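Enquirer: Residue numbers (the UniProt record's numbering), protein chains in the order written: chain A, 1 to 45; chain E, 1 to 222.
Hints in this document: simulated from the structure, not taken from any laboratory. Computed from a predicted model, the values in this text were never measured in an experiment. Don't be surprised by glycine CBs; every beta carbon is placed ideally from N, CA and C. Please note that a few of the clues may not be correct.
Pairwise CB distance ranges (calculated) [unchecked claim]:
1. A:Gly31 x E:Glu165: 41 to 49 angstroms
2. E:Glu82 x A:Gly31: 25 to 33 angstroms
3. A:Ile27 x E:Glu177: 25 to 33 angstroms
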Amino acid sequence: MTSTYETEEPQAPEAQAPEPSEAGPLILLNGDESVGMCDLEGECR
Amino acid sequence: MAGDVSGGGRAITVDVWSDIMCPFCYMGDTLLAQAIERFPHASAVSVRHHSYQLMPELSRDRPVDLIDLLVEQRGYPRDRVESMHAGITERAESLGLDYRLDRAVTVNSRDAHRLSYFAATGGLQNEMVHRLFRAYFTDGLNIADHSALADMAAEIGLDRDEALEALKSGRHDDDVEADLRQARELGISGVPFFVLDGKYAVSGAQDADVFLKALDTAWGGD
Chain A
1 MTSTYETEEP
11 QAPEAQAPEP
21 SEAGPLILLN
31 GDESVGMCDL
41 EGECR
Chain E
1 MAGDVSGGGR
11 AITVDVWSDI
21 MCPFCYMGDT
31 LLAQAIERFP
41 HASAVSVRHH
51 SYQLMPELSR
61 DRPVDLIDLL
71 VEQRGYPRDR
81 VESMHAGITE
91 RAESLGLDYR
101 LDRAVTVNSR
111 DAHRLSYFAA
121 TGGLQNEMVH
131 RLFRAYFTDG
141 LNIADHSALA
151 DMAAEIGLDR
161 DEALEALKSG
171 RHDDDVEADL
181 RQARELGISG
191 VPFFVLDGKY
201 AVSGAQDADV
211 FLKALDTAWG
221 GD
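Using the sequences provided together with the hints, build the complete structure.
Expert: Here's what the structure looks like:
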């Protein structure tokens, strides 16, 4: 992964499943590493 | 959704939130596809694309230069943006993707997302999304221009006139809005973001091995 913009530490999403009535919280399988993403600030890292 | 006899009729659905103008989304989609190809139950995997807008404030009618946008509106030093683009382009190339960020036409992506949903009604959403990615990152096409979008729809086998009518009438805007709302509910603050069977998540354009492991987990996780 090529480093892009410098940003704050990535955040580990504590998200709800698409169908909350059918599933519980999402289990993030890549830990809290969120490289290779672009966010709402327009930053890509 | 595809079935898999070897899996006793089981299936995995991968829901992908992405924006057409997100460089890592095109890569992530490519890496996911590579993982699915290697997955022993590939025929049991279906992918659904969902809309996300990184820059919803952008105009449909006034395209901007991506580098100028980042420099003049986001405040990044030009040399840093160019270095960043070089790094992104290099990684894309390693995946067989031809990024021409210097010619990217940056606009509001909402209509492109609506076209993705139009294509989904014809079973061609994946093909449409890939064509849109290529249009933005390689071809330097305006993905908010209805005529250009209709041409792309025709390229993948959809009816051009129907696509144009859908674009002009605002069709599927509710689908896009629902995706954006669901992304907020999920706590998604960046893309690409992948959800497997509504239970497991992968954030970012991770290596294909990560996606393969996620598919294995989803397959055996019920």
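Enquirer: None of the hints should be skipped; say for each whether it holds.
Expert: Cross-check of the supplied hints:
1. A:Gly31 x E:Glu165: 41 to 49 angstroms: Given range 41 to 49 angstroms: holds, Cβ gap about 46 angstroms.
2. E:Glu82 x A:Gly31: 25 to 33 angstroms: The hinted range 25 to 33 angstroms holds for Glu82 of chain E and Gly31 of chain A, with Cβ atoms some 31 angstroms apart.
3. A:Ile27 x E:Glu177: 25 to 33 angstroms: 27 angstroms Cβ-Cβ, so the 25 to 33 angstroms window holds.
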